[in-house]
Each structure stands twice: as structure tokens, then as C-alpha cells.
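Undergrad: This is what each chain is made of:
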Amino acid sequence: MLSIHNLHAGIEGKKILNGIDLEVKPGEVHAIMGPNGSGKSTLANVLAGRADYEVSHGTAEFQGKNLLELSPEKRAGEGLFLAFQYPVEIPGLNTINFIKTAVNEIRKYRGQDPLDAVAFLKLMKEKMALMNIEQSLLARSLNEGFSGGEKKRNEVFQMAMLEPKLAILDETDSGLDIDAIRIVSNGVNKLRNKENAVLVVTHYQRLLDYIVPDFVHVLYNGRIVKSGSKELARELEERGYDFIKHETSEVETV
Amino acid sequence: MNTIEYFKERFDQWQPANGHNGFSAIRQEAFNAFSKLGIPTTKNEEWKYTRVAGLFNQEYQFPPDSLTASVTAIELDGLRLPGHEQANELVFVNGFFSFPLSVIRSADLTVLSLEDAAKNGFSELVEKQFGDSSKYIKDGIHALNTAFVHGGIFIHIKKGLVVEHPVYIYNITDARSANILAQPRSLIHINEHAHVQLVETYITLGPNQSFTNQVMEVTVEQDARLEYYKIQNDGAHTNQVSTTHIRQTGKSYVHTVTISLNGGLIRNNLNLVLDAKYCESHLYGLYFQTGQSHIDNHTVVDNIKPNCLSNELYKGIMNDQSTAVFNGKIFVRPQAQKTNAYQSNKNVLLSDTTSVNTKPQLEIFADDVKCTHGCTVGKLNEDGLFYLQSRGISEKTARMLLLRAYASDIMEHIKPASIRTYVERLIVDRLESDIS
Numbered sequence: 612m613l614s615i616h617n618l619h620a621g622i623e624g625k626k627i628l629n630g631i632d633l634e635v636k637p638g639e640v641h642a643i644m645g646p647n648g649s650g651k652s653t654l655a656n657v658l659a660g661r662a663d664y665e666v667s668h669g670t671a672e673f674q675g676k677n678l679l680e681l682s683p684e685k686r687a688g689e690g691l692f693l694a695f696q697y698p699v700e701i702p703g704l705n706t707i708n709f710i711k712t713a714v715n716e717i718r719k720y721r722g723q724d725p726l727d728a729v730a731f732l733k734l735m736k737e738k739m740a741l742m743n744i745e746q747s748l749l750a751r752s753l754n755e756g757f758s759g760g761e762k763k764r765n766e767v768f769q770m771a772m773l774e775p776k777l778a779i780l781d782e783t784d785s786g787l788d789i790d791a792i793r794i795v796s797n798g799v800n801k802l803r804n805k806e807n808a809v810l811v812v813t814h815y816q817r818l819l820d821y822i823v824p825d826f827v828h829v830l831y832n833g834r835i836v837k838s839g840s841k842e843l844a845r846e847l848e849e850r851g852y853d854f855i856k857h858e859t860s861e862v863e864t865v
Numbered sequence: 081m082n083t084i085e086y087f088k089e090r091f092d093q094w095q096p097a098n099g100h101n102g103f104s105a106i107r108q109e110a111f112n113a114f115s116k117l118g119i120p121t122t123k124n125e126e127w128k129y130t131r132v133a134g135l136f137n138q139e140y141q142f143p144p145d146s147l148t149a150s151v152t153a154i155e156l157d158g159l160r161l162p163g164h165e166q167a168n169e170l171v172f173v174n175g176f177f178s179f180p181l182s183v184i185r186s187a188d189l190t191v192l193s194l195e196d197a198a199k200n201g202f203s204e205l206v207e208k209q210f211g212d213s214s215k216y217i218k219d220g221i222h223a224l225n226t227a228f229v230h231g232g233i234f235i236h237i238k239k240g241l242v243v244e245h246p247v248y249i250y251n252i253t254d255a256r257s258a259n260i261l262a263q264p265r266s267l268i269h270i271n272e273h274a275h276v277q278l279v280e281t282y283i284t285l286g287p288n289q290s291f292t293n294q295v296m297e298v299t300v301e302q303d304a305r306l307e308y309y310k311i312q313n314d315g316a317h318t319n320q321v322s323t324t325h326i327r328q329t330g331k332s333y334v335h336t337v338t339i340s341l342n343g344g345l346i347r348n349n350l351n352l353v354l355d356a357k358y359c360e361s362h363l364y365g366l367y368f369q370t371g372q373s374h375i376d377n378h379t380v381v382d383n384i385k386p387n388c389l390s391n392e393l394y395k396g397i398m399n400d401q402s403t404a405v406f407n408g409k410i411f412v413r414p415q416a417q418k419t420n421a422y423q424s425n426k427n428v429l430l431s432d433t434t435s436v437n438t439k440p441q442l443e444i445f446a447d448d449v450k451c452t453h454g455c456t457v458g459k460l461n462e463d464g465l466f467y468l469q470s471r472g473i474s475e476k477t478a479r480m481l482l483l484r485a486y487a488s489d490i491m492e493h494i495k496p497a498s499i500r501t502y503v504e505r506l507i508v509d510r511l512e513s514d515i516s
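In order, the protein sequence lines correspond to chains D and U.
Numbered according to the numbering used here, the first sequence spans residues 612 to 865.
Numbered according to the numbering used here, the second sequence spans residues 81 to 516.
Hints are supplied without guarantee of correctness; some may be wrong.
[Claimed, not checked] In silico SDA-like pairs for lysine to any residue, Cα to Cα no more than 25 Å straight-line:
(1) U/Lys426 x D/Asn705
(2) U/Lys476 x D/Asn708
(3) U/Lys476 x D/Gly760
(4) U/Lys476 x D/Gly722
(5) U/Lys409 x U/His493
Treat the hints as calculated values from the structure; they're not laboratory data.
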């Protein structure tokens, strides 16, 4: 589904990713962990197509297409979704209108007819029930004045509405208390199936108690320095990132 | 012949038919002021960024030679604003009020020619209120309107009258055969406990240049309420200096929204004089400029008495080589303790070749007041753009959504639904054509 080879990228001339290799197949959950500044959010944003980042080398294929050539909206049309670490507040843009526009633009991209008001409402009610989100929240301006938990729930609600093939969750647990993490994780888990995949970018292991990964990768200095099963996440939690840094520096000095 | 000589010749020759003696002294005084002040240049601090002299290098048919309407009712039908079936419609043609074209639907709404009002029962009001704006605006253009005052109107909203139909005011300039300088004038008195909504718009017919130099003076009395909406969406060959001067003489509520979407050069003077305790005033503005157009909003909020509240928000969207000026004065006089005055001007630049000059100007002579002001000039929010695109929304649609969202906190203050929908449509159409 997603195939990344030797990806190098940076921002404003500063190199952040130094050769990422990653394979994600349908049905899998991958966790990307790593200390602050290791390049986790950069990877998420590069995959979603944020223009500030420059890819200097390497490839990223998504369902056989060259992801790096596509505009952010086309990536979404192809089925990629980024749940933002900091969802943007847009005063004056009604959340429901925004989601309706997104759903129908993606349908247009896929050659489907737009949903009419009735069909859209039906879909929305269904996903609202699934995500346990109130209409009063969606009637407000997009993310404006939302609490941290409300913003993240709104991200996962959008994910439910857009039904992506690959969802990238960028630090979705940051700033959330344990109850909010449980609600958001339950939402993500309800959307999981054999056809889609999830890439969880996180600093802490605790989110992975709820969204259980098949693979864990440790990112350090812009490279995946260690991959393993979910046990690796527990090991990191116990030992901290220092042992990774230590191992890496040993490898580099050899 | 220079500009002053040109107008002097016309002033001497032109004796308006049906004239009222009460105005000849005022006219003469105003003409003297005009001769002394001349047309403002950019050396005048109030006109530093707006070059208006060029408009006076044109040949205008002035004064427009006839009071009889050159516009027919059928032509007017194509120009009416949505909701007109339920509105009072007041029509000016080339600066002269047209009774035959106007439609008064609300009983008890009094509309008279200024001359008639001064003769018949309203002489005291006219004498007291006419020319009040001259105390605030001392330039030759303003004096020029008064010097040639004729064909203006007096609107009286009597005590306790809630005018159920909005009042639409059309300023039509018939420039089909010549360049036209039109100088509409109106005086409005909103008596105690009366409510009225005014919606004003400007339309030029024909390809020739039009220049509208308008003065409206309004008095709002105790517990009265005025909503005033100005919609400027005329062609690039049209220019205007539009002065709206509002004096609140009793505890009252005034709400203004100024929407400027199209035009060559527009200068709006909006004065709010808060001449009683506990007045409340809201001033909103949205300008969306393109091409070579120029918009200048000069506002004054003069707090004379204590405990007044004013809230001002003007937002701009600037494209191409357009230019904008915002100058917001707030005066707080020594007596005006407990004043709350807020002001903000925000601008989004869509091109690198546009420019904005924004200047808050606060003069505070009382010590127990709350005043804030701020201005921003920036680009469209790139994070917002990426957020929307990442949800599958095309860049063009995303830009349009962001700009409509940006405009929404002005739009929501247009209370008559038919007018709000109409202006929203104009903005969407403009975004469709302006955003690539």
C-alpha cells in the first residue's frame, strides 16, 4: 500500500529525514516512535504533502502511484488521511459545511456523484454515533474554541467520514488525558479493517495500549534505527530513548 | 481654467429652480469655503494616500442639466435590490431625488425635498441639523456638495415609528452620454423610539465616467435605532466620495456595515458623534479590491458624553494592484468617562503588488476609559490552506472557503436576509473570478 525508499527531506535547507525505508500493507498498524526532533512529524507531513517540506531524495509510492508528485488534495483523493497534531482553527468556516465539501470533492476525484443533503446527513449521523460526537460541536466553526480532546475527536470524525485507506495519526495523543485517549482510540479501532492501514506517530507508548500496532519503528536522527513488534514499544517505555541513542552511536562509530 | 474657476462660473450661472432662500446663504458660505480650500491634495493629512485631484481633470456635465428623470421605471426594474417588493425605495438620479421613481410603502414615513422640509414644519430641524458634518470634515470636496445643494431630501421617522419595511436608497448616475458629477444630499431625522433600516447602493449607467460626491447627515434620538448598510459595487469607471455623518443625540443604537466590492476610487467618510450618555455604535466594513481600484475608509467615533460603547471592525481582501486606506479616529472628550471604544482593521493580501495604509488614531482626554485598537496586514493562512487541502479540497476551493470564512464576521452583521444573501452571492462570484 505504502512503500517508502531512502526518503530524504528537510525544511528551509535543514535536513530532517535522512533515508527512511518503510513498507505498509493493507490491514496493518505501524507505530513510528522516537524522541523529540527525530523527524516523526516531518515524515507525517511529507507524506500528506505539506509544501514547506522539500524532498531531496528517495521515493514514496502509495497504491502504486508516485505520492510525491501529487498535490495534498489528490493524496486525500487517493485515500490518504493525516490527523493533525495541531488541528487548525478556522473561525467562520462551519464544520459540517467543511466536511461536506471535503466528502464531495473526494467523491468527485473518484468519479462518484456528490452526496445530496439527505444522503450526507444519513452518513454523518451514522459516523457521529460511531464516534460518539455531538452535533452541537459540528455546528460550530471548524475547531474554533474546541478543547484539545474535541479537536482530536473531530480529526477522527473526519477520518470516519472520509474513509481513508491509510490514516496517519500525528501525535494524536498529545495534550489528551487518559479518557480522551480512550475515546479517540476507540474511534480509530472501529474504523480498522483488512483493507485499510494505520500509521501511528507517537512519542509515548500509552496510545499503543489502545491502538495496538503490528510493527513498531524507532525513528532517530531522521532514520528508522530499529523495528520490531509491539514489545519494542514497551521496552522503550521502560528504558527510555537513551538506549536507542546509545546503540545508534555505537553502530555509527563502528 | 482651473478647478475653482470652473466651479465658480457654474455657481454664478446656476440658480436652481424652485430654490429656497434658506439655502442660499449656506450655499454661498460653502462656496466661499470651497474657493478657499480647493480640492485636497496629498499634502492634506486626511488625503495623504488618496489622490483625488485627478478626478477633477475630467470634463463633467455639471450641474446635470435637468431635474427630470433620464432613467425610466422599466430601466430601474433591472437594477432593484433583492427584497425590493417589501422595501421603501428612494431613487436619486444624477444626484437629484426622483419622486416619480421612488416608492414609499410604509405609511407615516415622511420623505420631502429639502426645500419643502425647510418650508413646511421641519424648518427648525433642518436649520439645526443641516451642515453638521461640516464641523468634522473641512475640505473642498465636502464644501462643494453643500455649495450646489439642490434636489436633496429630508427623511423623517416620527417618534415611536418602527419602519417595518427597509428603506432602499438607489444612487443612479446616468453616464450614457456624458461624464457626470452627481452630488446627492440627504438629511435624516430618526426621532425617539423609532427604528429604521437603510440600505444604500450606487449604480452607474453607461460607459462614461461618474463621480458621486455624496453627503448624508443623520440624527438619532433617544432610544432610537438605526441600521445602515452601504453597498458599493459599481464599475471601475465610477468614483465616489461618500460621507455619512451620524449624530446620536440620545441614548440610541447605531449599526453600520459598509461593503465595498467594486469601483475606481472610493472614499468613505463615516462619522459617529456620540453626543449622549449610553450610546452604542457598531461600525463594520468589508472591502474586496481588485484591478487598480482604490478604497479609503476614514472613520471618526467622537465620544462626547460618558458611558458610550463603540465597536469597529473593518476587513479587507486585496488583490492585483489595488490599494486601500483605513484611518480610524477615536476621540474621547474630557467629559466622556467610562467610554468603551474598540477598533480593529485586518487585511489579507492576495497579491504582491497591492498595498494597504492603515492608521488608528486615538485622541483620549478622559482618564477612566477602555480603548483598544489593532491592525493586521498578512497573507492567507497557509496552515489553514494545507489543512483543507489535506481533506481533499482543491486549492481554489480551499482559498475560497478561507476567504468566505474570513469575511463571515462582517457578513453576519448584515441583518436583512435578502441583502445578506445578495452580498454573499456577489462575494462568491468575485472569488470565483479572482481566485485561481
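Undergrad: Which numbered conditions among the earlier hints are violated in the structure presented, ordered from lowest to highest?
TA: The structure breaks only hint 3.
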